[in-house]
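Novice: Residues per chain are reported as follows:
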Amino acid sequence: MQERLKELQQEALEAVQKAVDLKELNEIRVSYLGKKGPITEVLKGMGKLSAEERPKMGALANEVRDIISSGIEEKQKVLEEEAVQKKLASETIDVTLPGRPVNSGNHHPLTRIIEEIEDLFIGMGYTIAEGPEVEKDYYNFEALNLPKGHPARDMQDSFYISEEILLRTHTSPMQARTMEKNEGKGPVRIICPGKVYRRDNDDATHSHQFMQIEGLVVDENIRMSDLKGTLDVFAKKMFGDDREIRLRPSFFPFTEPSVEMDISCKICKGHGCNVCKGTGWIEILGAGMVHPNVLEMAGYDSTKYTGFAFGMGPERIAMLKYGVDDIRHYYTNDIRFLKQFSMHE
Amino acid sequence: MFVSYKWLQEYVDLTGVTADELAEKITKSGIEVEGVEVLNEGIKGVVIGHVLEREQHPNADKLNKCLVDVGEDQPVQIICGAPNVDKGQKVAVAKVGAVLPGNFKIKKAKLRGEESHGMICSLQELGVETKLVAKEYSEGIFVFPGNVTVGEDAISELNRDDQVLELGLTPNRADCLSMLGVAYEVAAILGRDVKLPNPEVQTTSEKASDYIKVTVEANEDNPLYVAKVIKNVTIGPSPLWMQGRLMAAGIRPHNNVVDITNYVLLEYGQPLHAFDYDRLGSKEILVRRAKNGEEIVTLDDAKRTLTEDHLVITNGSEPVALAGVMGGANSEVQSDTTTVLLESAYFKGLTIRGASKDHGLRSEASSRYEKGIDPNRVRLAAERAVEMLALYAGGEILEGSVEVDTLKVEPAVVSITLEKINSVIGTTITADEVISIFEKLRFEVTSDNETFTVTVPTRRGDITIEEDLIEEVARLYGYDNLPKTLPVGASTPGKLSAYQQKRRVVRKYLEGTGLFQAVTYSLTSEAKAAQYALEQREPVALAMPMSEDRSKLRLSILPQLLEVVKYNLARQNDSVSVYEIGTVFLGKGNEEQPEEREHMAAAITGLWNLHQWQGEKKEVDFFVLKGILEGMFAKLGLQTEVEYRQTAIEGLHPGRTAEIYLSGKKIGFIGQVHPTVQKELDLKETYVCELLLEAILTADVSPLQYEAIPKYPSITRDIALVVDQGKAAGELESIIKEAGGSLLKEAKVFDLYEGEHMEPGKKSIAFSLRYFNPEKTLTDEEVTKVHDKVLHAVEEKAGAVLRG
Ligand SMILES: [Zn+2]
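Top to bottom, those sequences are chains G and A. With the first letter of the first sequence counted as 1, position 12 gets the number 12 in my numbering; the numbers rise by one all the way through. With the first letter of the second sequence counted as 1, position 453 gets the number 453 in my numbering; the numbers rise by one all the way through.
FYI, nobody ran anything at the bench for these hints, they're computed from the structure. Any given hint could be a false lead.
Derived Cβ-Cβ restraints for the label pairs, each shown as a range [unchecked claim]:
#, chain 1, residue 1, chain 2, residue 2, range
1, A, Gly631, G, Lys339, 56 to 66 Å
2, G, Lys339, A, Ala527, 28 to 38 Å
3, A, Glu410, G, Asp326, 26 to 36 Å
4, A, Glu410, G, Phe337, 54 to 64 Å
Just so you know, even glycine gets a beta-carbon here, dropped at the ideal spot from N, CA and C.
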């Protein structure tokens, strides 16, 4: 009997070892340990044993059961782990396949430039002044020291609606309007972005509609050196800390003195190359000290107040920053063009 | 203004300063030098030759066989195609080994069997623009005067071993429209002297006043008229150096008399005109306004009809010149002219500008008058011209001049303090430095206790106020020397307005959903201006449009966005999603500014989602765009204020269009572009919207307030309602919400069925209703009570039947 039990143990453990899946293992459990299993069968013959041997044999039978069931348990763990591994293996994906695209648009490059400049000057205490695109002749010209008949305000260069109404040719009217609103008092620090219009045939470098950003600071004791310092901050933040600026005398009816600002060429670092036409400098914007006539017309006492103003073209700045080579790209809105301006620098 | 470097040296010593260095200095201190042209760039080995023999090429009709002395041991044979080449001429010869512009190397050649050892050159071949070549040589080779030496460098004989600085002059620096003006500027920059011409004129005993009488009726337009008479001139070519300088300055040589007037114009900036005295037809000059309809044929052979706005020089009856613009053909100096009447006058800029514009005629003279000339050079220039007429045209100068002078010349006197200069520029320049700068400019200056009184020379008409003097000091002190400072004083808070902030939020949001920002033109065609307008008005029209396509201001953005979609589709960009925020213009008649409103428009077409390898693909539809708008309104806290009402709008699909209302006010629309319009524009199914953005950004919004996270569970009941096909889900939703009261937290459409299992004309809409009480857990009975109310309401108000 004892031998029979040992045999069964051996047999069962061998079967467990051979089991390939949980189902088979379960069958083994049932067949060896179940009520109708061979161990129970063997124990049925216990009646023939002596009273002394009976408990011994009972203990042995339990031992065999325990050994078999722990063998099954162990095997079960192995098989379960195998099953998990198999399932995971079957779930494997190719991680190099492309992900699901997320829809995302972005700013137009001109808005991108304008917001960058706005934010830069907001940080220096400026506010953003916006105004009408269709202006009165007075604000577009006269209030800016361009009286009727002035050569710089040729009818041929502007889109007039009527004698006194036209599409603004610059955003400077907002300077006059803002100063006028302040009634000759207190400091003014504004940035005026917006669309402007001039009679130009559209080609690679001209557009009848384009953007402009102008700035105006009026206060007591504003100096030309403040203009230079402000433009220097602008140039370095916008184009990089290694850029230098240079002011050149120029002429605008609404400023005196007037200057043009160049920045040192990125490519040649000021030594001269094709990009800067050999000069080492690239023209960025026009600026100057607000003409006393402009201050006076807007109600500011020009003996007490001084100011500076500057104006630039986002199209040109985007051209310089991103290398855009044709101004028409800004207005045809080819998706392949627009898409290129999504990256955060 | 083109400035010859060599010519300039006649007035200022340029030793040690190359043309490029000079250009850099001029640019830095005030006048932009746009370029420096080397006139003899790429030219080598061109000498003066003497044509000893010329005969017809034996094998070619149009070629000449020439024997030319080029200053070497033996004359050389050159084949020349120029029609005007002839024996005895002195010509420019590019010898074998010479190089011409464009790296054209001259080699020994055989032309139709005849050897050619070089080339006889036209001026064009030597780099001169055709429009600058004297007419008689424009079709052939240039013929030198007989006194040039054979074998000498032809380029230097032509005065083209020179460099030309191109000045980009701003309107205020009209003084530099003359060599003398440039000389003053350069002398100030370099701190050197100016040498002025000093005309010496010998006159005859005859008096000019015996030959001519001058009357000026229009004194306002012509306050000073100076006439001189020169007899016995011989018309011929002007000296080579003069022709060279004219060409360098961009003026074509004609003959000695005309060239001299042009030369003096360039030198002094004073326009001059030479009349053929004998062709005047009278012995008088009368300056007056033209009569309406009066005619004149100008030197360019164009007949021009005049008006009272135009000033004319007449012979007492007939116009002989359009004053300050161009002379008349009737009194033109010609090859047989012997007596010249020279005019040097001061005309008012505005009058000349008007005439120049009216006739589309800008001349060297008119452009100078327009910008203002120096009144003190009117007589000086006349003196200089007659000196040269005597020297180079053999003229005899009659004594005196005949003048009408009502011009008051008073130089501007401007005072300024040292303190003002330094406080405006932000410098600490000393009084001595300021005085030195004014002296370099040749401005007369006196100083008293750091107050400077400056008498401005009349050549600098641009300087009238303190600020002008400040600019002179600043630019010559040098902007490079200016410190960099930042404004001091009360600081101002820099920030965006609430409106500007919200607009940025909208942009970011829309772009986050996948829309790209477009920027289009405000000017459009008549047909497009009012298409899809939210409010119809007569579009604002330009008085003088450049084209019909850009003649009106837009009332809506959408037509432009559809153009953008069309443009992209035509270029294989099959899925387009764009939006624009921009201004539209509502006219109020031409005498008033239109009302400007800020709109937002969007257009989407093609695929909205595409994930190809997973087989996912979603075409755009109405609800994609509507979802974007709903998200935008939610972002702005307006979701509960917005309503969509089915409607029909011209140009949109009649069954797929809604007007959008914000707090009961119409603010825009959303819909599909009408299939007919889609076809016209070659579009695929395209969904669009246009909204009055400013109404959205200025709408009242209750401030953000925290709401407690629910502590108790909510109960959801789903219902499917069978209603008439035309019944709007929105209507059902509002009925449900009203009946559900405060316990109904949410009512969402989760299914729509319009299939074959429905009775005709009916559809089924399924709602998921969520009930919730923030105070306690809801019981079934409580929910059932409200839910029954809801069911009753939809049955009552919308004829809805609960689907089994
Ligand atoms: Zn460079």
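Novice: For each hint, tell me whether it holds in the structure or not.
Specialist: Outcome of the hint check:
| no. | hint | in the structure |
| --- | --- | --- |
| 1 | Gly631(A) with Lys339(G): 56 to 66 Å | 22 Å, violated |
| 2 | Lys339(G) with Ala527(A): 28 to 38 Å | 31 Å, holds |
| 3 | Glu410(A) with Asp326(G): 26 to 36 Å | 52 Å, violated |
| 4 | Glu410(A) with Phe337(G): 54 to 64 Å | 59 Å, holds |
In summary, the numbered hints that this structure violates are 1, 3.
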